[in-house]
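Student: Working from the sequences, and respecting the hints, build out all of it.
Residue-level listing of the chains:
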Amino acid sequence: MQRSLASVAVVILSAVPVFAQAKAKAQNVPEIPYESVPNFLKLPTGMYLGEAVAVATNSKGHLFVYHRSGNTRLFEFDEKGNYVREIGEGLYGFEFAHSVRVDPQDNIWAVDEGTNMVIKFNPAGKVVMVLGHRPEAVGGPLATPTGPAPPAEKYLLGRPTDVGWDPQGNIFISDGYVNHRVVKYDKDGRFLKQVGSEKTGTEPGQFNTPHGIAVDLKGNVYVADRGNNRLQVFDNNLVPKAVYDNIGTSWTVCVSPGPHQYLFSSNSNPNGNTPGSWDNTGEIYKMELDGTIIGKFGHAAKTLGGFQVVHMMDCRNPNEIIVGEIESWRVQKLLLKAK
Amino acid sequence: MKHFLKVLSCALVVAGIRIGAQSGAPDIRFDSGAEPLKLPANVYLGEVAGAATNSKGDVFVYTRTGHPTVTLGGARAFAHGGSRLFQFDKTGKYVREIGQGLYGFEQAQQVRVDPQDNVWVVDQMSSMIIKFDPKGEVQLLLGRKAEAERIPAGAPAGAGAANAKGGALPPPPGAGADKGGKGGAAPAGGGRGRGGPPGAGQASDVFQRPTDVAWDAAGNIYVADGYGNSRIAKFDKNGKFVKSWGSRGTEQGQFNTPHGLAVDAQGNVYVADMGNKRIQVFDGDGNFKTQFSNVGAPAAICIPPGARQVLYVSNSNPPEDLDANGEIYKMDLTGKVLGKFGRAGKLMKEFGTVNSIDCRTENDLYVGEIGNWRVQKLTLHP
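Those sequence lines, one after another, are chains V and P.
Residue numbering for the first sequence is 1 to 339, as defined by our numbering.
Residue numbering for the second sequence is 1 to 382, as defined by our numbering.
Note that these hints are calculated values from the structure, not bench results.
For glycine and all other residues, C-beta sits at the position ideal for the given N, C-alpha and C.
Hints may be right or wrong, so weigh each one.
Claimed, not checked - Partner residues are not named here, just some residues of chain P that face chain V (Cβ under 10 angstroms, in silico):
1. 45
2. 46
3. 63
4. 67
5. 151
6. 152
7. 153
8. 203
9. 238
10. 322
11. 323
12. 350
13. 353
14. 372
15. 373
Tutor: Here it is as structure tokens:
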């Protein structure tokens with residue numbers, strides 16, 4: 001009880017700014033050497049990235065970047081970083097990017113927290129399924145609601161943040177900033193279950209802004225519980241299994257494919273934090289799925305090789321991590337070196 | 001393999017019976033054609049509010065897509081965009097876009113094609129009915145778009161979520177009035193402001209969130225009006241206001257969100273009175289004749305032209321619930337249910353908040369879905 005009271009106090013103390021960073025409790029973590037590939041993404045002249053909140057590769061190594069530009073846009077690049085095409089230009093579901101992920105069949109899933117929608121594109125770029133429902137424009141401009149969120153609905157999302165799938169194709173959505181839950185749908189989009197609710201909480205199975213999600217090959221679900229400065233693990237039925245709270249503020253998670261899966265979590269460092277936070281946050285942890293820390297890499301910085309602020313990672317190859325940075329409007333490809 | 005697919009689809013139909021069953025009506029076997037509309041690269045459908053065919057079999061789709069936009073600056077906010085009108089030929093090949101950037105295109109609600117192949121668009125947000133001739137030129141306008149959107153001073157918690165539901169949902173008591181009140185009471189409203197208090201059914205030639213349009217054999221125009229103002233308005237074929245009937249309520253001749261309209265060959269007017277879970281039938285002067293209360297909450301309605309007339313009615317699921325309703329009923333014009341098909345869902349042959357039914361021939365339907373951002377072409381095998 002004492003411990004949970006203490007953690008409540010920590011949450012309250014860290015409430016300003018809203019998601020203040022936490023120095024990781026893990027000590028003496030080995031540094032993993034790495035380099036950032038120079039000039040990785042080659043944008044055509046006159047095209048720009050905005051906040052590069054989301055990155056994901058497909059099985060061919062093509063990279064999808066979902067970013068907050070003048071309008072929110074989804075770009076595809078080849079494995080060398082050459083621009084290929086734009087997907088979903090003018091799409092009704094594109095308003096404020098948050099995540100993009102590619103499933104094992106190379107379908108592209110965009111999560112938009114402005115329209116409260118998750119949109120599935122097939123590899124050709126056609127919309128094949130949508131989840132959630134965009135609030136209708138007919139209401140005109142509305143004042144931003146304050147106070148507690150209304151009860152979470154099975155098929156409506158409240159500023160969702162990320163999406164993942166288990167080997168059966170069940171869909172897991174972290175939802176999000178308004179609701180604080182993880183929802184499980186079957187592969188056809190039918191609601192199965194949720195953990196958490198529209199309310200925040202600090203107990204296992206409760207969230208404060210679940211901000212990223214990943215699923216391993218056994219169907220276990222890893223959730224970046226950002227506002228609670230922890231990562232939560234659930235089994236396939238969304239029953240709490242473990243809490244990893246020694247890696248700072250888990251902003252985003254990634255689980256690599258392959259026979260030996262690794263878990264990555266970023267203790268990202270945003271602007272607006274107290275002076276000094278650059279010195280002890282911003283790093284990414286490489287872990288075993290059971291939470292054992294293997295090492296860490298990276299640090300807060302605006303220059304290449306540093307992070308400002310990692311919002312999402314791709315780890316299809318666990319030694320080549322692609323990161324999207326929200327506050328440097330940038331995508332970096334990192335080559336991790338064996339020690 | 002083919003046999004297997006056949007068995008599988010039969011199994012799905014059987015599953016549909018159990019879940020969607022409401023009145024013991026027989027299930028109608030049906031197919032949904034693969035890729036009925038072929039979109040060019042980088043053209044996307046959003047929520048399909050309306051789908052309608054003309055006499056050549058061309059398909060018109062009025063869809064909520066792009067970015068509904070409010071221009072900032074000053075104390076008024078100006079709304080633009082958010083919907084597009086596309087035309088496809090009968091093979092599904094993309095033909096063209098009509099009305100790109102049109103002032104009245106904001107939130108698609110319906111599209112219908114009249115017997116002369118004019119294309120009529122109903123926009124719920126601009127509260128306008130726009131008639132295009134077959135070439136795509138604007139021929140007639142009913143209603144007027146509000147000049148500006150009112151900027152709210154504040155809202156209670158959950159207001160955004162209430163708005164998030166929207167769709168084909170009947171507004172909860174009062175909620176529709178609030179939304180309509182934006183136009184009804186807003187000093188900023190240049191068009192919707194003249195329609196009287198929401199739900200009062202004021203006889204007027206302007207609308208508050210209209211939902212559908214239909215015509216009788218003489219070309220008189222009927223408008224379902226709508227979410228804000230629960231009434232039916234009648235105009236002559238030249239757009240001159242004739243009369244209006246109904247207001248918000250549950251009595252005969254009253255409505256709770258009239259959401260769809262159809263007129264039969266005799267000139268009877270069928271109103272999908274969604275919030276009251278019934279279809280009301282009137283003569284062309286608005287005299288109540290009968291009502292059907294056995295088909296759920298009707299959101300979309302269609303009567304095929306021709307000698308033998310029937311009625312298709314969708315008991316559409318609201319966007320936040322995929323686990324109930326969603327089936328489409330076939331009735332005769334006396335209200336007897338002949339059969340039903342489909343259920344709510346995201347797969348082919350399932351429906352996500354059907355907002356529109358086109359039934360130019362009795363067994364070939366197009367349905368437009370809000371929830372699934374698509375048009376399905378259905379072939380019935382009754």
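Student: If a hint holds in the structure, say so; if it does not, say that too.
Tutor: The hints, checked one at a time:
1. 45: holds (8 angstroms)
2. 46: holds (3 angstroms)
3. 63: Status holds, d = 8 angstroms.
4. 67: This hint holds: residue 67 of chain P lies near chain V, its Cβ roughly 6 angstroms from the closest one there, short of 10 angstroms.
5. 151: holds (5 angstroms)
6. 152: holds (5 angstroms)
7. 153: Cβ of residue 153 of chain P sits 7 angstroms from chain V, so the hint holds.
8. 203: Violated, because the Cβ-Cβ distance from residue 203 of chain P to chain V comes to roughly 23 angstroms (cut-off 10 angstroms).
9. 238: violated (29 angstroms)
10. 322: Status holds, d = 5 angstroms.
11. 323: Interface hint status for residue 323 of chain P: holds (7 angstroms vs cutoff 10 angstroms).
12. 350: holds (8 angstroms)
13. 353: OK, holds: residue 353 of chain P within 10 angstroms of chain V, min 8 angstroms.
14. 372: holds (7 angstroms)
15. 373: holds (5 angstroms)
The structure fails hints 8 and 9 (numbered hints given earlier, in ascending order).
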